[in-house]
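In the order they appear, the protein sequences are chains A and B.
As numbered in this note's numbering, the first sequence has no gaps in its residue numbers, which increase by one up to the final residue, 881.
As numbered in this note's numbering, the second sequence has no gaps in its residue numbers, which increase by one up to the final residue, 356.
Bear in mind the hints are in silico, worked out from the structure with no lab data behind them.
Among the hints, erroneous ones may be present.
[Stated by the list, open to error] Now the in silico label distances, taken between C-beta atoms and shown as ranges: (1) R823/A - N211/B: 39 to 45 Å; (2) T142/B - R823/A: 25 to 31 Å; (3) Q295/B - A796/A: 26 to 32 Å; (4) L219/B - S827/A: 44 to 50 Å; (5) V581/A - P103/B: 54 to 60 Å; (6) G596/A - R232/B: 56 to 62 Å; (7) L219/B - A744/A: 34 to 40 Å.
[Claimed, not checked] Quick look at which bits of chain B chain A covers, simulated, 3 or more residues with Cβ under 8 Å: (8) 94 to 100; (9) 103 to 111.
Computed from a predicted model, the values in this text were never measured in an experiment.
Glycine included, C-beta positions come from ideal geometry on N, C-alpha and C.
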Amino acid sequence: MATTARARPGLGITGSSGRAPAPLVRASTTPGKLRFLLAGLVVLCLLWGAVAALAAGQHASGAGAVVSTSEPLSLDGQRIYRSLSDADATAASAFLAGGLEPQAVRRRYLADIAQAATSLEAATTTAGHAAAQPDLATLSASLPVYTGEIETARADNRLGLPLGAAYLREASGLMRGTLLPAARGLYQQANVELAAQSSQATGLPFALVALLVAIAVGLVLFRAQRWLARRTHRVANAGLLLASVAGVVSVLWLVVALTVARVELGSARGHGSAPVEALAQADIAALQAHADESLTLIDNSGDDSFQADFAAVTKRLGPGPGTLLAAAASAASGSAGSAAATAAQSGAPAWYAAHRRLRALDDGGAHSQAVASATGSGPQDSGTRFRQLDSSLDRSIAADQAVFQSHAVSGRDATAGLEAGMIALALIMAAGCALGLRQRLAEYQ
Amino acid sequence: MRTRGWLIGALAAGTIAAAVLAAGPARSAPAGSAAPAGSAGLAGSRSAAGPRGARVKLPLPFDNSCHPEASLRPPAGAPRVTAGSDMARIRARGYLIAGVSESEYHQGFLNPLTGQIEGFDIDAVHQVAQAIFGDPGKVRFVSLTDAGRIPALRSGAVDIVAQSMTINCARLRQIDFSAVYFNDGQRVLVLKNSAVKGIADLSRQRVCATAGSTSVVDIKAANPAAIPVAVPYFTDCLVLLQQNQVAAVSTDGSILAGLAAQDPETQVVGPLFTIEPHGIGISQQNPDLVRFVNAVLARWIAGGGWAVSYDRWISAPAPAPPVAQYKD
């Protein structure tokens, strides 16, 4: 074996030095090339492991956050809005009835408040991030004020005092001016998070980088083995073969897991959260119009602002091209909630017809009959028709919510263990490369 | 949207009020010259010692430059619906449309137990319906805010307004009035634990009245240092008073008595500092309706029905009824 010292006579070193220190940079010799290859392959394997683990981690945390944070938060925000808006309309109609409120109306109000409080509690537990905190704080602070004012109104009503109506107006103003906007804000915030986390879970940048690195590693491994086979006249190197197998396994696992997650989360969005969002928009509009109907009957002032709001909101609600119900039905088309969404499209005109009869009664001076239609449960009553529309929308939301949940969970589970698996396989690859090349290197020493 | 708007405004105002109240303790030394709480009639002096000795000018109580209390003379005899008159038009419609309050306890209020609108003003409306239809029940009540009364009359949305409405020269330029059917004057309602004894003690404090009422103007006229807070209904003022967002409510004594009846922890204090003759508001387009309503009121007062209603809703025994004055 050639020694470096002898090549440098000027240094005056005698030949007794024998074995030279290991050449570090002489890449032109075979051992030099081997050492260079060893270092390069180990670095590339570890780089692949890092990039693959990063990609897996990004996708898994996005999918996990969708399932455990933003989706429940969106659902809770929607439930809070629904129950508060219904409480507002129910409290108004309890007052409309005059005298002691009907028991069913009182129970409905109490159930709404209990649902709002439960969902608020759940949302507060779920929302770890700061963005939803101001809305949650507003809801938590104002809900007891609202219920206090409603109970004051109820107590004054029982004493026959007109002061009760003032407390009811104050409570309704708090609901419409503070509580409902906060609930809407919470819901919208959760949907923004949901979209961001979905795209993090299904986005391509990290996966593409990982694949580029995988191709580079594969090329180098392949050429290294071919070069080694020619140079050493041996067909296979066990270490490099192991590294190649581990590499192929890790690439296949990553590609399959991310593809499955992407498809599942795409379905969760397309057949789940997108229709739910469109249906929830329609439901919110329907609830607002319903509250307008009750408040028009209470506000006997000849001022038609609530009725004007009813007209504007129901125009947005539809059905008809470009309306919320049309958007909801088309988003829900082919999904589990499709049938109920279609029923809602025909339920809305039925309610509007009952509402027109109610308005005709009220405008014709038959106020108590109009009130009976608003609060009644007969098949022609406006109250019944609204509840049919509301329950159609509610059922389609629940059905699509379930679809979302199952797809999103499958998507999250597809990436389970992926990050750890990528790290482990990359370490195996690096170890295989190191073992295989050290074996060859030893033959030169 | 109006209701929502003011409620949001009231909440915001309440927050500001709380901040203002927190910033500095309310100064409310009792005013030396304030008349005792029960005294009727105008305070003798035109000024009173305000907080920290400031002189607070009491306003001229009543602008009578145009003889506002004089209305159109009714035809002799019982009220009659003549052909082609406003009354004939209303009779053809089938019901009278009356703008009233749903929130002025004992004047005009929606009784939550019965769902009916009741009160002294409402009795007057039933008298008019009785005279047109022979049936006191043929009325459609439209609940108005105080600010909504004149627009409702001018647009023709209502035939008459019976809602504690003060007759004055400014309003007579826009609408017409019946003869006086109730005499009132402005006072102050406070919590029983308040040191305020009258309008003079309310400098730099928030005092509530309804938007579009004479009361909200007269607060500033009686005590320029007071801070008027305008809301749609007087019951809203009581809500604000109960929540400590205002220091007092100031309006006609009869309305304040109605508020005090709803909360035993409040009381009416101080002298009357304005004169407020109430009339039934009618559009200037309908002079024959003005004469007709005056005939109805004259019959109601002369027949003793007025006193019965006064005893029932306001206080018993009823005082001597107002003497109708006519300008023609």
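Do the hints match the structure? See the list:
Checked against the hint of 39 to 45 Å, the pair R823/A and N211/B fails, with Cβ atoms roughly 52 Å apart. Separated by about 28 Å at the C-beta atoms, T142/B and R823/A satisfy the suggested range of 25 to 31 Å. Take Q295/B and A796/A: their Cβ atoms lie about 47 Å apart, and the range 26 to 32 Å is violated. For L219/B and S827/A, the hinted distance range of 44 to 50 Å is satisfied, since their beta carbons lie about 48 Å from each other.
About 57 Å separates the C-beta atoms of V581/A and P103/B, a value consistent with the hinted range of 54 to 60 Å. For G596/A paired with R232/B, a C-beta distance near 37 Å fails the hint of 56 to 62 Å. Take L219/B and A744/A: their Cβ atoms lie about 39 Å apart, and the range 34 to 40 Å holds. Residues of the region 94 to 100 of chain B lying with their CB closer than 8 Å to a CB of chain A number 0, which falls below the three-residue condition for coverage.
Counting residues of the region 103 to 111 of chain B whose beta-carbon sits less than 8 Å from any beta-carbon of chain A gives 0, not enough to reach three: the coverage restraint is violated.
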